[in-house]
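**Q** As given, the protein sequences belong to chains U and P, one line each in that order. For the first sequence, the working numbering assigns the number 33 to the initial residue and increments by one for each residue that follows. For the second sequence, the working numbering assigns the number 267 to the initial residue and increments by one for each residue that follows.
These are calculated hints, taken from the structure and not from any lab test. Careful, some of the hints might be misleading.
As a list, the in silico DMTMM-like pairs of lysine to aspartate or glutamate whose alpha-carbon atoms are at most 20 angstroms apart [claimed, not checked]:
1) 570/U <-> 369/P
2) 388/P <-> 398/P
3) 388/P <-> 369/P
4) 573/U <-> 308/P
5) 220/U <-> 239/U
6) 159/U <-> 84/U
Which stretches of chain U does chain P cover? Using the computed rule of at least three CB atoms under 8 angstroms from a CB of chain P, they are [as the list claims (entries may be wrong)]:
7) 240-249
8) 514-522
9) 565-572
Just so you know, even glycine gets a beta-carbon here, dropped at the ideal spot from N, CA and C.
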Amino acid sequence: MRHLLAFCCCLLGLLLPLAHCAETKQAPLAQGAESNTTANQPPANIAPLVLDLTQAKLNKLLPILKQLEAVSDESMVPLFHAMMHGDLYFIKANRQLVVATEESGQRLYKGLYSHVLMPSISEDDLKKIRVNNRLRGYLRNAIARVHLTAASPDVREAAVRELLAHLDKDTIATLERLYPNEPNKKVKETMGLALAMNTASQTNLPDSTRIAAIDRLSTSLENDVRNKLTTLTYQDNPAIKSAAQTALKHIAQRVERFNFLNQLFFGLSLGSVLLLASIGLAITFGVMGVINMAHGEMIMLGAYTTYVVQLMMPNYIDYSIWVAIPAAFLVSGSVGVLIERLVIRHLHGRPLETLLATFGISLILQQLVRTIFSPLNRQVSSPSWMSGSWEINPVFSLTLNRLYILAFSLLVFLVLVMVLKKTSLGLNVRAVSQNRNMAKAMGVRTAWVDAMTFGLGSGIAGIAGVALSQLTNVGPNLGQDYIINSFMVVVFGGVGNLLGTLVAAFSLGIATKFLEPVTGAVLSAILVLVFIILFIQKRPKGLFPQKGRAAE
Amino acid sequence: MSRLSQYFSAGRTSGKHTMPFVVILLALTAFACLSNLLLPADSVFHVSTYSITLLGKYLCYAMLALAVDIIWGYCGILSLGHGAFFALGGYAMGMYLMRQIGDRGVYGNPNLPDFMIFLGWKQLPWFWHGMDHFWLAMIMVVLVPGLLAFVFGWLAFRSRVTGVYLSIMTQALTYALMLAFFRNEMGFGGNNGLTDFKDILGFDLQSDHTRVALFAITGVILALLFVICQKILSSRFGKVILAIRDAEARSRFIGYRTDHYKVWLFVFSAVIAGIAGALYVPQVGIINPGEFSPINSIEMVIWVAVGGRGTLIGAIIGALLVNYAKTRFTAIMPDAWLFALGAMFVLVTLYLPKGLVGVYAQLMSKHSSKTPPTPPANTTASVKESNA
């Protein structure tokens, strides 16, 4: 022990670069474990084994690793990990372990225990600790086994999952030892699965035990379990074979069910995007009777606003979206008001001309964006809390950004309904949409209501742009991709009917996604379009036509 | 009654311009052809083959504008899907030209076009059979757009889909067709479309003479269609069409089957667009799904709007002017063209609802203020969207 400390002190003086002088000078004063970690030395109890590791031949390494695993805990993982990937080296002069890392194209070495970069070390000073496939397999399992005793249940579960693919004797022994004492229910279940997999494949066990194990397996959706069962169906034993087949069938049914849910989720996700894109249109088209071909460009402006906001606050990407939503609403909304005041107002009662004029505006806006931001697509990064997915089981997981956008679209929808139902602006808007002249006679400022309605619809399109920027790249053609579908949604749902728009958006989204596996993406889009074209022939006023004298 | 007499006068006054216009059109076509063939290349009046091809393209666009105008200007149906009929006519012609390549393709297969060999197809799809006969291809040029227009129009007009609804439906139609034609499985060359044509009816497509002949044919057909449109629209049928535009419900109550009138006019218009497409393809040498894109269809509408809708001459002039401007603009500053096009949409709809012909008519009526004001464009261009 004294030797070791002295040894490490010498090394420190010799090896660590000047930059770390301050640390190194304190190291000799420190005691025990702390000095060991800062000084790139293994904990004392395994030091001799680690030393052996650097001296042994390749075929002698396995027993050493086994001993290491037996005596140590989670602190062993970095060593195993580095060794598995062939990044573990030792310094020839003092047998100290280092890890090779790649940083910006340069090969650098870090102390395994100190985590301090060692710029002075070159490849000539080092020797690699060699590893072969057998060792790699062992190491992979060993890491997982070490993780089995980790404090966090999530880590433990992931470790058991990792082990499912290659169960060997050591692993089974470890699992059998840990299984009875496992406190977490989910981890215990997964462990039981691993043990059942082992039991099922033991030919020396009685059939009844094995069949019970297979039954146990049939409740799982893990890929490895399915592979195991598939191999079991090729065995000679007829009882086992049929049991495995039934289990597989059972699993296949469940997978089918979850695939259905998955498609449903993607359909709902597409529906939420369609809803966001078309809800603003439902207001301008449905309430004002103005067909706004530049609506897609309002979405695009919203998406670009998100991009610009992120450029302005690069260090706060997670919060930028909260700035982007109101900013996009304001930008698109004010552009909308401007369009209404400058152009649409003069074309009142001439819907076809309005269509053409707004189409011209959409061309101008597209080209404007192309000139300012270049025609290339721009990448908008998602906040960290929106990335990743919610894994419910191995075959069914929901991507978080889609989930959030789904919730967001419903929220926007609710807010909009509230605005129309509960505010005085909403009252005015509904009055103007039902009978413009009468509203005017009652003293409603229809011109002002028109501008506000148009601004509201455009602003919501801007918010849709924020949501879309989280799903796709932002480019000048972003709006065009959605405009035709948005019109389809509005027309399908019934003009001037927000609930119709909601139903139409989700039914079109789900229909598209359920057709996709059968027909392919493009054909499903075409079929949905054709369906709407035919549907409109049958019911020209959409799913939920407006009743009363206002509707002709 | 006074309205009716106005329609009669409308027919007569536009008829007054028909003959001179046809003569000018044919004379210019003949001049361009002759100057290309007879005059030496360094002469001031020589028209290069490049210009001839360009002019031929413009004339096809003018024909297309004619098709859009007879339904938009005269019947108030704004179709945003006429590019589909144009492209279908073009594809029918393209299929014929493709079959004429024979074994001169890259793969040298006499039975299959190159792209089918590329896709690993063993035999010709059924709809390609017989397309190596010119007469069948020409029937298809008329039949396919006509049939599509009939089915679509019959469904739409029978259930009284009008106004912006119809416009959006037509746009969705051309969008769906674009998506469909982009697929390789459709058997129309997918993304690349049909191209690399060699000859038509045995004449080399690259030779000057063929190009001049195609141009001349386009000019003659345009003049012919112009006269036919004029005749149809000033006939009894045309008057009902105008009545439908101005008061559809009233015409229906009087006893006219307005949906029948609209369907037949729509089919006629689609056929004109198909013919324009068929003349367009051999001159530009390619047809691809891009022709179906909704923006193309909307551009056609702006040609008509610029020239003056509700007047056939206006449509033709508008198509020629806008496309000439496009050629010049995209050559000088390509980025500015979309700005200009967009501005044109806005300004024309705001300030020139009757187009250039309307401006001309206004100037003329100011000039001769002694005579009672019956400007030709006035009666035909005042569109009321009674059924929006």
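**Q** It remains to establish, for every hint, whether it holds in the given structure.
**A** Results for each hint:
Proximity of residue 570/U to residue 369/P is assessed by CA-CA distance (about 49 angstroms); at most 20 angstroms being required, the pair is judged violated. A threshold of 20 angstroms between alpha carbons decides the hint, and for residue 388/P with residue 398/P the separation of about 18 angstroms falls inside it, so the pair holds. A hinted pair counts as satisfied when its Cα atoms are at most 20 angstroms apart, and residue 388/P with residue 369/P qualifies at roughly 15 angstroms. The hinted pair formed by residue 573/U and residue 308/P fails the criterion: a straight-line CA distance of about 63 angstroms is larger than 20 angstroms.
Under the criterion of a C-alpha separation no larger than 20 angstroms, the hint pairing residue 220/U with residue 239/U is inconsistent with the structure, at around 24 angstroms. Taken as a hint, the residue 159/U and residue 84/U pair is honoured in the structure, with Cα atoms around 14 angstroms apart against an allowance of 20 angstroms. For the stretch 240-249 of chain U, the stated coverage by chain P is violated: 0 residues have a C-beta nearer than 8 angstroms to a C-beta of that chain, whereas at least 3 were required. Coverage of the stretch 514-522 of chain U by chain P holds. Counting CB-CB distances below 8 angstroms, 3 residues qualify, and the rule asks for three or more.
A stretch counts as covered by a chain when three or more of its residues have a beta carbon under 8 angstroms from one of that chain; for the stretch 565-572 of chain U and chain P the count is 6, and the coverage holds.
Going down the numbered hints, you'll see the structure goes against 1, 4, 5, 7, while the others check out.
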